[in-house]
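Novice: Protein chains in written order, with the numbering used here: chain S, 1 to 308; chain D, 309 to 620; chain X, 621 to 962.
The set of hints was computed from the structure by calculation and includes no laboratory data. Treat the hints loosely; a few may be bogus.
Stated by the list, open to error - With a cut-off of at most 27 Å between alpha-carbon atoms, the simulated DSS-like pairs for lysine-lysine come out as follows: (1) D:K533 to X:K830; (2) X:K755 to D:K529; (3) X:K708 to D:K533; (4) X:K747 to X:K830; (5) X:K753 to X:K720; (6) D:K529 to X:K830; (7) X:K755 to X:K720; (8) X:K720 to X:K692.
Stated by the list, open to error - Selected chain D positions facing chain X (Cβ under 10 Å, derived; list incomplete): (9) H513; (10) D515; (11) I517; (12) R518; (13) A522; (14) G524; (15) H534; (16) R614.
Unchecked claim - Okay, the calculated bits of chain D under chain S, using three or more residues with CB under 8 Å as the criterion: (17) 398-411; (18) 442-450; (19) 454-466; (20) 584-590.
Remember, it's a predicted structure, so these values are computed and weren't measured experimentally. Heads up, the beta-carbon is just placed ideally off N, CA and C, and yes, glycines get one too.
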Amino acid sequence: MSQQNAVIDQGLAAERQTEWSQQGKMQTRAAAVWNRYKRNKFAVAGFIVFTIYILAAIFAPLFSQYDPESFDIMDADLAPSLSHPFGTDSMGADVFIRALFGARISLSVAVIATTVTVAFGVIYGAVSGYFGRAVDMIMMRIVDALQSIPSFFLLLIIAAIMVPSMWSTIIALSTFGWLNMARIVRGEILSLKERDYATAALVTGEPKRAIIFYHILPNAIAPIIVIATLDIANNIIAEATLSFLGLGIQPPTPSWGNMLSSAQELVTLTTYPWTALFPGLCIMIAVLAVNFIGDGLRDALDPRQKNK
Amino acid sequence: MIPLLFIISIVSFLLMTMAPGDPTAMFVNPESSKGAEQDLSAIRDKLGVDKPIYVQYAKWIKMIVLDGDFGYSFQDGRPVLEKIVERIPATLLLMGTAIFISFLIAIPIGIYSAVRQYSPLDNTFTFLSFLGISIPSFFFAIMMMLVFSLKLGWFPASNMRGDGGNLPTALDILYHLILPASVLAFGLVAQYSRFMRSSMLEVIHQDYIRTARAKGVTEGKVVFKHAFRNALLPIITLIGLQLPHLFGGALIIEQIFAWPGMGRLAIGSIFIRDYQVIMGVTMVTAVLVVIGNLLADILYAVVDPRIQYGKT
Amino acid sequence: MMTRLQSHPDPIVQVKGLKTYFYTEEGVVPAIDGVDFEVLRGETLAIVGESGSGKSVTSLSIMRLIPSPPGKIVEGDITFNGESLLTKTNAQMRQIRGNKISMIFQEPMTSLNPVYRVGDQIAESLKLHQGMKKKQALKEAVRLLELVGIPEAERRVSQYPHELSGGMRQRVMIAIALACNPELLIADEPTTALDVTIQNQILHLMKQLKEKTNTSIILITHDLGVVAEVADRVVVMYAGQVVEQGDVYTIFENPKHPYTIGLLESMPSHKKRTGKLKTIEGVVPNPLHLPPGCRFAPRCEFATDLCRSEVPAVITVGQEETVRCWKYTERWEGNLNEHSAV
Chain S
1 MSQQNAVIDQ GLAAERQTEW SQQGKMQTRA AAVWNRYKRN KFAVAGFIVF TIYILAAIFA
61 PLFSQYDPES FDIMDADLAP SLSHPFGTDS MGADVFIRAL FGARISLSVA VIATTVTVAF
121 GVIYGAVSGY FGRAVDMIMM RIVDALQSIP SFFLLLIIAA IMVPSMWSTI IALSTFGWLN
181 MARIVRGEIL SLKERDYATA ALVTGEPKRA IIFYHILPNA IAPIIVIATL DIANNIIAEA
241 TLSFLGLGIQ PPTPSWGNML SSAQELVTLT TYPWTALFPG LCIMIAVLAV NFIGDGLRDA
301 LDPRQKNK
Chain D
309 MIPLLFIISI VSFLLMTMAP GDPTAMFVNP ESSKGAEQDL SAIRDKLGVD KPIYVQYAKW
369 IKMIVLDGDF GYSFQDGRPV LEKIVERIPA TLLLMGTAIF ISFLIAIPIG IYSAVRQYSP
429 LDNTFTFLSF LGISIPSFFF AIMMMLVFSL KLGWFPASNM RGDGGNLPTA LDILYHLILP
489 ASVLAFGLVA QYSRFMRSSM LEVIHQDYIR TARAKGVTEG KVVFKHAFRN ALLPIITLIG
549 LQLPHLFGGA LIIEQIFAWP GMGRLAIGSI FIRDYQVIMG VTMVTAVLVV IGNLLADILY
609 AVVDPRIQYG KT
Chain X
621 MMTRLQSHPD PIVQVKGLKT YFYTEEGVVP AIDGVDFEVL RGETLAIVGE SGSGKSVTSL
681 SIMRLIPSPP GKIVEGDITF NGESLLTKTN AQMRQIRGNK ISMIFQEPMT SLNPVYRVGD
741 QIAESLKLHQ GMKKKQALKE AVRLLELVGI PEAERRVSQY PHELSGGMRQ RVMIAIALAC
801 NPELLIADEP TTALDVTIQN QILHLMKQLK EKTNTSIILI THDLGVVAEV ADRVVVMYAG
861 QVVEQGDVYT IFENPKHPYT IGLLESMPSH KKRTGKLKTI EGVVPNPLHL PPGCRFAPRC
921 EFATDLCRSE VPAVITVGQE ETVRCWKYTE RWEGNLNEHS AV
């Protein structure tokens, strides 16, 4: 995977060499994007909330004297109080501190899986879109086929084949998570390669690989960023769902999803609803924040797309 | 459509070969006590486990296509196809009801939001739809179950049928259906209302809408007669494309509400590593998705006079 | 010192001091900024100007179809048969639209609803304004299609727009517009999107129909060739204002405003094929940053300091012409050239 990332890095580095993004223009463009982004109150709120999440995840150990994996059966099923703001679960662990450590796991899984899928999806889509014709036809047929299988089925199957762990979850999320990105990038490339600068590069005899990564891809960066952001949101939900079903992160390691697992038992749910409520809210607010960021970026990066 | 299913079958097959255990055992009926050994060698021969992988695939696909044979369930020895087919109606009922409910709510919301773009109510709907796509469906399902069945006791929390209540069967199923279908519909409303809004916004700025206004047509007729049908067209395609997600969503709802559909069968099979059932469900679902898209195409052709192939 | 054109006794449309502004994120766009003109009964009035001059906004203002927000008529009045259109309720306006005033648009390819048959789209007006039943309305639709010169009208009436060519669709649009025998027909660049041969057919058709029905027409165009062919009088617009108006002969033979002169000189003519075509240098000013004086001054070869600093008023010259230019006032100190008629 590191090889693919290296290729992407090259592509991003190439951005600086292309005409429209020389240093000065780059800055004004970034400033313009930021100006438009600022106008969207929800996007700004999402950005702030998500930053808080990241900080909370990084500094989780500083927040509480409790250990997320220490269980004291005497303290089981306590309602939320000052000493346990989110209450305790049936094993006697503090729900708040587990949610904090859960943020570490859940956010890392989502971000790592998204990095992998973005890298693969971008390359796949770029190759398919650039070469076109038969290559494109076959590559896109594969994407079509995979997309007509409910992605969550595929997730479950992959998760079931492996022994559940953090890495199996990441692999499961990555294996088929790149389809949408591939399709979007391919569409962008198809329209971009007809433009003059691509033709110009072709005429000067540059190799095709260089044309894709140095001339075309940097211009498709806006939709890639937006889709990547929305992929993070989807991966947070997917990880939570897998872990909730017992196929993702395994207890005692906390993840937001597996904290809700116990709520599948109706007795637990009625008697100790906070064990489900707080981790669920953690997921929801995180996903909401990321979705708002994605929406803000979409409007900011591509003003033409507004209202769509 | 055929190449699509072909690729899906390859993927399913590859996943199946990756699964641990002896693949031949899947095709032996464990219940048939007599001559199990003969069976096994016959199956080995039929599958060609010693042959290269593409030969294995060819034999496997031949079994499915020609004999409709998906093998036997590891759990209870019943043919996989039989187990799946009996679960299809429950899943389709749940999904169909959810789509129906979500249309009923999402389309008016989408139209209103487009006509009164950026009004306070439109902004509220926008926020709610963000909320709708951001709530994990399992969490929302659990919370709704907590409130509406466990606390208020309005609806049953699980299953499709009650235990011998005095309701007629159809009403009993409906009674059990309302909560899971509404929960599934909730996420759909969030998506469909956004689709409808943007589609309607696109249409409402078209030249022919201006023509209608210039004719003196009332605003209501402009929206519901001239814009609505055009705005619905992309929605039909989108819903076809969303079908796989819908199956995924139904799977989680079925699991939480113990709804006896294909999704619950799939999850149950995953926990006991009943791979042949999982593969079967995957293949059948993919076929249903392809059929669903075909239906969407036909519907599109019916609504849009510019498409001719539906009529010939 | 504002000298207005003398009113005719009974104009069908009077536009008085009309200002239509658009309130955008970047600022207020004065798309129409104090426009006066009249349409006389039975005449064809051409409104000429480059894109962005406000000619289309003028026509949409008369129809009260300015998209709002962001657009708004902020000042002035529009009367139709002596009654103000701006004080009418929406319901009253709907009685007028498509009935007494109807409109043809520039884009025949997209102006018809793709999911309804052309017959139904014509019949809609008839059912709405004439209270016809569906069957009767469809019969009338066939007659209208024949009237606008569509062959096999019986068959065409049940076809969808995508089955018709661009020229055919524009004929259908005309049929819709004429369905209720309007007193005023507004045609907004009706031939711009069509092939040259089709353009001539459509213009010919409009001329013919006007003679038959005696409808008044406002023809909006940037094409002076079209103007010469069909118009009785001409209004020249520039940057949201009327810069010159008068009868078609005067405008073509003796134009006053340097912009009109420029327009005419940039028009290809078969009479004098020798010389090079002249163009007007520069571009239409950004409506957010209009020049302080005359709006045409930055592109005008005669512009003086006066032009650049003070807004010229509309003055009457000759018999029935007006012009908005300092050259024709007593304050003018620059060069007079051969075009001046004062």
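Novice: Does each hint hold? Answer for all of them.
Specialist: Here's how the hints hold up against the structure:
1. D:K533 to X:K830: violated, 32 Å
2. X:K755 to D:K529: holds, 20 Å
3. X:K708 to D:K533: holds, 25 Å
4. X:K747 to X:K830: holds, 24 Å
5. X:K753 to X:K720: Within the cut-off at roughly 20 Å; holds.
6. D:K529 to X:K830: violated, 31 Å
7. X:K755 to X:K720: It holds: about 23 Å lies between the C-alpha atoms, which stays within 27 Å.
8. X:K720 to X:K692: With Cα atoms ~23 Å apart, K720 of chain X and K692 of chain X stay inside 27 Å; holds.
9. H513: Because about 9 Å separates H513 of chain D from the closest Cβ in chain X, which is inside the 10 Å limit, the hint holds.
10. D515: holds, 4 Å
11. I517: Since the shortest Cβ distance to chain X is 8 Å, the answer is holds.
12. R518: Status holds, d = 7 Å.
13. A522: Check passed: Cβ of A522 of chain D comes within 4 Å of chain X, closer than 10 Å.
14. G524: holds, 4 Å
15. H534: With a closest approach of 6 Å, the H534 of chain D hint holds.
16. R614: Holds - the Cβ of R614 of chain D comes within 10 Å of chain X, reaching about 5 Å at its closest.
17. 398-411: violated (count 0)
18. 442-450: holds (count 7)
19. 454-466: Coverage by chain S holds here, the residue count being 4 at a Cβ distance below 8 Å.
20. 584-590: Check passed, 3 qualifying residues.
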